[in-house]
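What follows is the residue order along each chain.
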Amino acid sequence: MTDPLLRVVDLKTYYRTSAGLVRAVDGVSFEVYKDETFCVVGESGCGKSTLALSIIRLVPYPGEIVGGKIIYRGTDLLKLPESEMRKIRGKEIAMIFQNPMNSLNPVFTIGFQIAEPPVIHFNMDGRSAWRRAVELIGKVRMPDPEVRARNYPHVLSGGMRQRSMIAMMISCEPKLLLADEPTTSVDVTVQAQLLNLLMNIKRERRMSMVLITHNFGLVAEVCNRVAVMYAGKIVELGPVREVFRNPVHPYTRGLMKCLPIGTKRKEQLYVIPGQPPNLIEPPPGCRFHPRCPHAMEKCKKEEPPLTEVEPNHYVACYLRR
Amino acid sequence: MSALLRYTVKKILIGIPVIFLVTIILFSIMQLMPGDPIDLLLPPGSRVSEEKIQEIKRTWGLDKPLIIQYFYWVSHILRGDFGYSFVTKLPVSNLLYARIPYTLQLMLTSQALAFLIGIPLGVAAALRRGRFTDSLIMVGTAVLWSTPGYWLGLMLMLAFGFYLRVLPISGAFSPASMVLPVATLTLPYLGMVARLMRTEMLEVLGEDYIRTAWAKGLPSRRVVLRHALRNALIPVTVLFFLNLPWMLGGAVVVEIIFAWPGMGTLLYNSIVMQDYPVVMAIIFIIAVLTVICNTLGDVVSAFLDPRIRLEKGEY
Ligand SMILES: Nc1ncnc2c1ncn2[C@@H]1O[C@H](COP(=O)(O)OP(=O)(O)O)[C@@H](O)[C@H]1O
Ligand code: SF4
Ligand SMILES: [Mg+2]
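Sequences listed follow chains S and V, in order. Oh and the first sequence: position 66 is 66 in the working numbering, straight run, nothing missing. Oh and the second sequence: position 132 is 132 in the working numbering, straight run, nothing missing.
If you're looking for bench data, these hints aren't it; they were derived computationally from the structure. Take these hints with a grain of salt, some might be off.
[Unchecked claim] Just so you have them, the derived chain V footprint on chain S, three or more residues with Cβ under 8 Å:
id, segment
1, 4-13
2, 91-105
3, 204-216
[Unchecked claim] Every beta carbon over 12 Å from chain V, so not counted as near; a handful from chain S, in silico:
id, residue
4, Ser83
5, Pro153
6, Pro276
7, Pro282
[Unchecked claim] Chain V is nowhere near these chain S residues, computed Cβ spacing over 10 Å in every case:
id, residue
8, Lys87
9, Glu116
10, His154
11, Thr189
12, Tyr270
13, Pro293
14, Leu306
Beta carbons: idealized from backbone N, C-alpha and C, even for Gly.
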């Protein structure tokens with residue numbers, strides 16, 4: 001394969017809370033290639049959002065990136081001064097957030113907010129930027145773009161706000177889009193539409209995407225490769241077909257068992273027993289061992305390394321060896 | 001009609017009955033006061049013919065039932081005619097016109113200074129949260145805010161008037177006369193504005209939409225001064241209006257301390273000398289000012305915050 005667009009190497013992001021050090025992302029490595037959709041999947045609280053925020057260096061206080069590299073087109077973003085990083089955000093790498101209700105500024109029209117990045121990054125004059133915003137609003141399939149551009153966020157539905165968010169984040173044609181559970185908090189009936197839109201735009205503009213989700217079903221539909229995250233670490237990583245055909249890690253298998261199949265009703269669905277661990281004092285050895293049906297003595301003491309079980313398919317588990 | 005205009009009209013329509021309620025209360029108090037109401041209307045002690053008295057009674061409707069009298073009275077005060085002062089025997093409105101500019105000068109200068117200084121202080125503290133500048137501003141404003149105005153006034157008088165002898169301590173004879181009264185009014189209030197500004201700014205800076213602004217790659221100046229400040233200023237601007245009546249209250253005290261020839265000293269003197277028409281007029285003005293400021297506060301907040309003027313189905 002060609003050089004990756006993004007290479008994350010042994011990334012560690014911790015939150016220094018009063019309760020202790022939260023190891024939200026604890027030694028994560030992966031690559032994202034051009035035109036690829038890379039999925040990160042895992043239960044809530046396993047560090048997915050923190051991972052995405054680390055990539056654009058917007059981890060909130062008291063969080064801090066304590067180690068690793070984030071190499072974007074040959075440059076380590078963690079070494080850039082803040083002023084250079086600002087030129088990357090929104091222009092090279094953009095991010096769509098999970099909660100569209102609070103992610104738009106209530107006192108500015110969405111047209112203004114969509115027009116803003118080109119004004120900043122390309123020195124575009126206000127009038128052209130506004131025209132472009134109206135175009136983008138049409139692009140994300142909102143009816144009456146001229147009218148919508150003058151709307152304030154609070155009059156729009158969750159789905160419409162998320163569309164505005166997409167328009168805002170693609171306004172400078174970024175090469176990499178980080179989408180943090182972009183459809184989770186919108187109405188179920190529009191989730192599929194929104195995902196389709198996102199994937200179409202991604203394809204059309206030839207962007208790469210990191211799609212974060214806790215919905216394993218979504219992964220099969222849209223991704224090229226998938227990383228399964230558990231308690232701040234990647235436990236399985238590989239091409240989607242491969243991982244679906246041959247899931248190795250017991251956690252991945254558990255997630256797949258959770259998928260609704262056929263006409264089964266929701267209450268009959270399988271759930272992985274137990275809770276995700278506390279990231280202040282994660283279990284020693286394999287972090288999944290307290291919930292793992294196959295746990296061995298070794299699992300409780302030593303941490304299994306991420307190893308290649310088949311070409312390009314990596315797993316961190318002792319089971320297969 | 002735009003949502004904002006409709007909202008404004010609605011708020012004004014709510015304000016008007018409140019002002020009428022105030023007039024009813026004032027009118028009732030007047031009825032309960034000893035003496036003939038005609039005494040309130042004639043230049044006191046003046047020798048007036050019986051015909052003249054009858055004529056005045058007719059124009060004021062004093063020969064009519066109470067309810068009609070009330071409407072006559074309201075129509076007079078709405079035109080600024082508050083009758084005559086018992087003490088000076090001058091029309092109350094003349095006394096007021098002479099005093100109001102002084103009070104406004106004191107109030108508005110203090111109000112403007114408190115906001116012009118308090119807002120940047122609050123923003124600076126928020127941006128340097130937890131660091132030395134922040135602690136310094138927080139301690140300073142806490143001290144200012146918890147200082148009673150009259151005590152501060154007396155201390156300033158003592159320091160600058162008696163010991164240093166650099167500033168006049170009473171009257172309104174030169175621009176320097178304004179310094180101490182304005183300082184007394186401004187300083188505690190400035191502390192409050194700065195603290196509110198800091199709180200609001202910190203809250204807004206933690207909002208998701210500010211993270212969005214950063215994610216767009218906006219420069220920090222723009223994120224802070226445009227996206228955050230624009231939101232954080234909404235409650236502070238509303239405070240500006242809601243606090244004007246309190247400022248007037250503070251001005252009354254400060255005027256008395258510094259013998260500033262405004263409405264405050266007039267009110268004080270009139271109460272002492274039981275000059276009811278003057279007291280009534282000033283209370284009426286304060287009440288009306290309060291209602292107007294509340295309405296303005298509502299309207300301005302709707303102007304600044306599009307969420308407030310939201311009505312169902314409105315875009
Ligand atoms: N601002 C924060 N302060 C302290 N801890 C945080 C903060 N944000 C996230 N965390 C912790 O970091 C861990 C990972 O959170 P997050 O990245 O949001 O996970 P996910 O997106 O997978 O749900 C969680 O244990 C969470 O409690
Ligand atoms: S390493 Fe052991 S505990 Fe961890 S997932 Fe594999 S079998 Fe289970
Ligand atoms: Mg998340």
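Please count how many residues of the segment 204-216 of chain S have a CB within 8 Å of a CB from chain V and say whether that reaches 3.
violated (count 0)
Is it correct that the beta-carbon of proline 153 of chain S has no partner in chain V closer than or equal to 12 Å?
Check fails; 8 Å does not lie beyond 12 Å.
Least C-beta distance between glutamate 116 of chain S and chain V, which was stated to exceed 10 Å
6 Å, violated
Is it correct that the beta-carbon of leucine 306 of chain S has no partner in chain V closer than or equal to 10 Å?
Non-interface label stands for leucine 306 of chain S: nearest chain V Cβ at 29 Å, farther than 10 Å.
Is the nearest Cβ of chain V still more than 10 Å from the Cβ of lysine 87 of chain S?
The assertion about lysine 87 of chain S is violated, with a minimum of 6 Å to chain V.
Given as covered by chain V, does the segment 4-13 of chain S meet the bar of three residues or more with CB within less than 8 Å?
violated (count 0)
May I ask you to check that serine 83 of chain S keeps its beta-carbon over 12 Å from the closest beta-carbon of chain V?
The claim breaks: serine 83 of chain S does not keep its Cβ more than 12 Å from every Cβ of chain V (closest is about 8 Å).
Once the closest CB in chain V is found, is it more than 10 Å from proline 293 of chain S?
39 Å, holds
Is the claim that histidine 154 of chain S lies outside the interface with chain V correct, judged by CB distances over 10 Å?
Violated: least Cβ distance 5 Å, not greater than 10 Å.
Just checking, proline 282 of chain S versus chain V, shortest CB gap more than 12 Å?
With a cut-off of 12 Å, proline 282 of chain S remains clear of chain V, as the shortest Cβ separation is near 27 Å.
Quick one: work out the minimum CB distance from threonine 189 of chain S to chain V and report holds if it exceeds 10 Å, violated otherwise.
With a cut-off of 10 Å, threonine 189 of chain S remains clear of chain V, as the shortest Cβ separation is near 21 Å.
Proximity test - 8 Å, beta-carbon atoms, the segment 91-105 of chain S to chain V, at least three hits
With 9 residues close enough to chain V, the hint holds.
Checked against the numbered hints above, the structure violates hints 1, 3, 4, 5, 8, 9, 10; every other hint is satisfied.
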